[in-house]
Amino acid sequence: MTVLASVSLATFLVTGLAATQFRSQPLASSNRLARDEALRQSVNQLEDQNRALKARVQALQAEVKAGEDESARRSSAVQQVKALLDEQKAIAGLTALHGPGLTIVLRDGVDPNDPADRSLGWTIHYQDLQDIVSLLWASGAEAVAVNGQRVVPSTSFHYAGVNILINNANRLTSPYTVTALGDPSTLANGVGDPDQLAELKSRNRIYRLGLSWLRSTRLSVPAYDTTFLVKSAQPLG
Amino acid sequence: MVVSLIGLALGFLVVVQLRSQAAVARTLASQDNTSVALLINDLNRANNQLIQQAAALSLQETQLRQALTAGGADAQTISKELQTLRAVTGAVPVHGPGLQIRIMGPIMDFELQDLLNSLRAAGGEAFSLNGSRMIGSTPIASRGNTLMIGGHAVSAPLVLLVIGDPEQLEPAADLSASSLQTRVQVDIQRKSEITITEVISARPLIYAQLGR
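Chains as they are written, first to last, in the numbering used here: chain P, 81 to 317; chain G, 215 to 426.
Since the hints were made in silico from the structure, they are not lab data.
Treat the hints with care, as some may be off.
[What the hints assert, rightly or not] No farther apart than 25 angstroms at their CA atoms in a straight line, the calculated lysine-lysine pairs in the PhoX-like style are these: (1) G:294 / P:145; (2) P:311 / G:405; (3) G:405 / P:134; (4) P:145 / P:134; (5) P:281 / P:134.
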């Protein structure tokens, strides 16, 4: 009975895997090919829409800002609120910043093509980027960006299959550049600490991920590319 | 005999499967359909968010313009935006629906980071852990077995409060909990009202300056 159960489970798994496997083969039936093509076209359309929507949001942000600036010129009371607003915008990441800091680069390594190594250690995972960013905050970073995307309070790094996404479904791809503003020495000491990023550093030696960091006297990070929508968290009082 | 053949075939297919996933260069053409489907899901969600952002900004712009046209200035609209940003940066106490997640044993910094990451992706808007407010830049570190939040040690049981739509947050919390639960007990409760009174004072910008 147990054997039978394992056999049918194995058959089920094999069928499932075989199905997945064959779907990714180029010699699929024309139906499958058409469906694969349609899926990829959907992504292209959605990414076009994503870019257009961001441009629309950015244009509206500029209009709102013009309205706020004009309002502040009209009234000293509004001017005071506007000063507080500008301060919060800088804190939230809605303002571009520049200054000294540290740049960290890394990239996907080369597939070792070793049947005994199925670890995928040669690719950069979202956790690697998340760990680097977290370490930079802990090392006193004042602002951080990854591949030109500002890391803001609402930023999350996550996987959609093989894709690493941050901020409004931006796809990050290798090579990766993490820019942090702050004291270059303190940031470099944080990243250089052998106890930090130990697993990534070990994979860097094995798979040559090109992990390196460079202090700089002038770097810049862009503003967050859209705005914040708060739906559930209401200010108290 | 049959079993070992199937085992062999299974092993082979698993290898091929992992290989083919590993070989993707993350270009769209070479991605497996599951990755593409997940990407479509995320793009749909992000685009919906952007549509809502545009609607909110459009309303804000109209209100500002109307006041200007009438010869005045709309302080209320600007105050409202200020309050929204203060909620985002952790500068004001907030309340709303969400989850209470109790973690009954010690966890590592990266485990908490992964959990926060998943909850943010699911629309988590405000967080506190054992009375410490947390935003994206709050340093989380393990010193030995001790978890440090913004330089303060916190110890189990950990009570994580998160404000956001419980419908969205709960599946994300469940998924994270399932990996933690092999070691520690995790209890997740939906709450119609959560209050986070702790605030964060912004780190002053010493090295960074405004502008590109």
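Now for the hints, and whether the structure bears them out:
With a CA separation close to 14 angstroms, the supplied pair residue 294 of chain G and residue 145 of chain P stays within the 25 angstroms bound. A threshold of 25 angstroms between alpha carbons decides the hint, and for residue 311 of chain P with residue 405 of chain G the separation of about 16 angstroms falls inside it, so the pair holds. Straight-line distance between C-alpha atoms of residue 405 of chain G and residue 134 of chain P comes to about 33 angstroms, which puts the hinted pair past the 25 angstroms bound. Annotation: proposed proximity of residue 145 of chain P to residue 134 of chain P holds, straight-line Cα distance about 16 angstroms (limit 25 angstroms).
At roughly 36 angstroms between alpha-carbon atoms, residue 281 of chain P and residue 134 of chain P are farther apart than 25 angstroms, so this suggested pair is violated.
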